[in-house]
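Student: One letter stands for each residue in the lines below.
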Amino acid sequence: DSGVTQTPKHLITATGQRVTLRCSPRSGDLSVYWYQQSLDQGLQFLIQYYNGEERAKGNILERFSAQQFPDLHSELNLSSLELGDSALYFCASSPRRGYEQYFGPGTRLTVT
Amino acid sequence: AQSVTQLDSQVPVFEEAPVELRCNYSSSVSVYLFWYVQYPNQGLQLLLKYLSGSTLVKGINGFEAEFNKSQTSFHLRKPSVHISDTAEYFCAVSEDTGGFKTIFGAGTRLFVKA
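Chains A and B, in that order, give the protein sequences. Count along the first sequence from 1, add 399, and you get the number used in this note's numbering. Count along the second sequence from 1, add 1382, and you get the number used in this note's numbering.
So here's chain A without its partners, still in its complex pose:
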């Protein structure tokens, strides 16, 4: 158990819908990262937050957004969902920027 929690574990929704994925980092970790993993694209970095502020952006679509709240939990919002958004979404946290990351169990999103 990494100490990072993600909810929900599974999510099935229809095209065009909007969903919110939630992540709670390990106690004391200020950095949160979001990743998308699919068979054809591999592990793609989406976005990073540090203590509530956005610090780095990767291959995140404009339809996707994220935020980190004062209690350090983070949410990833995915809107206007398309079939191609079906993937595993991982959250990770880190004790210090650039250091090792601790991954949550992931949320499996299926868009039908």
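Each hint can be trusted.
The calculated lysine to any residue pairs, modelled on SDA-like cross-linking and capped at a C-alpha distance of 25 Å, are:
| id | chain 1 | residue 1 | chain 2 | residue 2 |
| --- | --- | --- | --- | --- |
| 1 | A | Lys-456 | B | Gln-1388 |
| 2 | A | Lys-408 | A | Ser-464 |
| 3 | B | Lys-1451 | A | Tyr-498 |
| 4 | B | Lys-1483 | A | Gly-497 |
To be clear about the criterion: a stretch of chain B counts as covered by chain A if any three or more of its residues have a C-beta under 8 Å from a C-beta of chain A, and this derived list gives those stretches:
| id | region |
| --- | --- |
| 5 | 1412-1425 |
| 6 | 1428-1434 |
| 7 | 1483-1495 |
To give an idea of the interface, some chain A residues facing chain B are shown, with a C-beta separation under 7 Å as derived from the structure:
| id | residue |
| --- | --- |
| 8 | Gly-497 |
| 9 | Glu-499 |
| 10 | Pro-504 |
No lab work stands behind these hints: they were computed from the structure. Note that CB positions come from ideal geometry on N, CA and C, so glycine has one too.
We have chain A already, so just place chain B on it with the hints.
Tutor: Using the frame of chain A, we list chain B on its own:
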């Protein structure tokens, strides 16, 4: 890092044989290096890390890796693998360019055969 290359997408090996999973990166600044393992239907777990100091790093489950700055490599090794080592292995590099960004390699699938 501008890129992280894992040179083998799949590595089949017999149980109790040694294995090396190769990782090369490109960067012009100081880096931190990591190997992660992902078992089926699970998140990634940290195997080992290089932040500074000795270039030979030991991790969990008998794995080790060596940082070679001149060759910009960080290959992962294990002298004797088990069936339970079958998994996907990811090399990752963090570089300090004012803000840290971590780049993951495409992954190497290690398949251990009996």
